[in-house]
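Going by the UniProt record's numbering, 155 is the number at position 155 of the sequence shown; the sequence numbering is gapless.
It is possible that some hints are incorrect.
[To be verified] Below 25 angstroms or equal to it, Euclidean Cα-Cα: the simulated SDA-like pairs (lysine to any residue) are:
| id | residue 1 | residue 2 |
| --- | --- | --- |
| 1 | K26 | N42 |
| 2 | K119 | R174 |
| 3 | K119 | S73 |
| 4 | K152 | L168 |
| 5 | K92 | E58 |
| 6 | K152 | A111 |
| 7 | K92 | Q7 |
| 8 | K152 | G181 |
| 9 | K26 | N50 |
What the hints contain is simulated information worked out from the structure, not anything from laboratory work.
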Amino acid sequence: QHVGCYQILNDNGNLGVLMELTDNLKSQLTPDVCLRLCVEFNDNRNKVLNYFGLFNGEQCYCRDTVGIFRLASFDCMASCPGNWQISCGGSKAMDIYFIEWENPPVLQTIALGCYLYDKWHPVLSDRLSTSVSAASMSHYNCAVPCLHLDVKLAGVTNRTSCYCGSGLVSSAVRASAGVCGRPCTGNQSEICGDAEYMLVMKVV
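Based on the sequences and whatever the hints tell you, model everything.
This is how it looks when you write it as structure tokens:
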């Protein structure tokens, strides 16, 4: 699952483990190809590198972290050789993905409350966006990418959008629970906020 576009710093040794690509694989490089290589790398070496990254349209790295500096999507505009419609990083950035293993992580969410959420009223201190499918939104599906991003708060809004953060902003405005009552698209028994309200959860 795509996490985002992140700046890479060559002098920090934070690129990860470079996968050797044959000429054939170079011409076919896509996120799926890189994923397969990193899953095989983990299996062969009993490692758990939970992320992979594509750099400059030509390199695949297996990684144990997401990255530090998130960039805008237009910083990752290098096309993948195997599918020009998909981006494979940029000249100074990586498209980062986390690996969804067959045995998903065991976690729980604890609702912390409902908060007013619009461009004038931020809620989460980092507000890291995720790529959870709008049709499959649930508390669990929102919490998993937040766990991989190593932050402890998840927020769902408007039934379909998921964000992650390390804490609440000091100006967060709490609202009554009832205004966050729209059902999640992926689990109708759960509530996932509303158009201008975010349900915040702690990931444990």
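Structure-based check of each hint:
| no. | hint | result |
| --- | --- | --- |
| 1 | K26 <-> N42 | holds, 20 angstroms |
| 2 | K119 <-> R174 | holds, 15 angstroms |
| 3 | K119 <-> S73 | holds, 20 angstroms |
| 4 | K152 <-> L168 | holds, 11 angstroms |
| 5 | K92 <-> E58 | holds, 13 angstroms |
| 6 | K152 <-> A111 | holds, 12 angstroms |
| 7 | K92 <-> Q7 | holds, 6 angstroms |
| 8 | K152 <-> G181 | holds, 22 angstroms |
| 9 | K26 <-> N50 | holds, 22 angstroms |
Of the numbered hints listed earlier, not one is contradicted by the structure.
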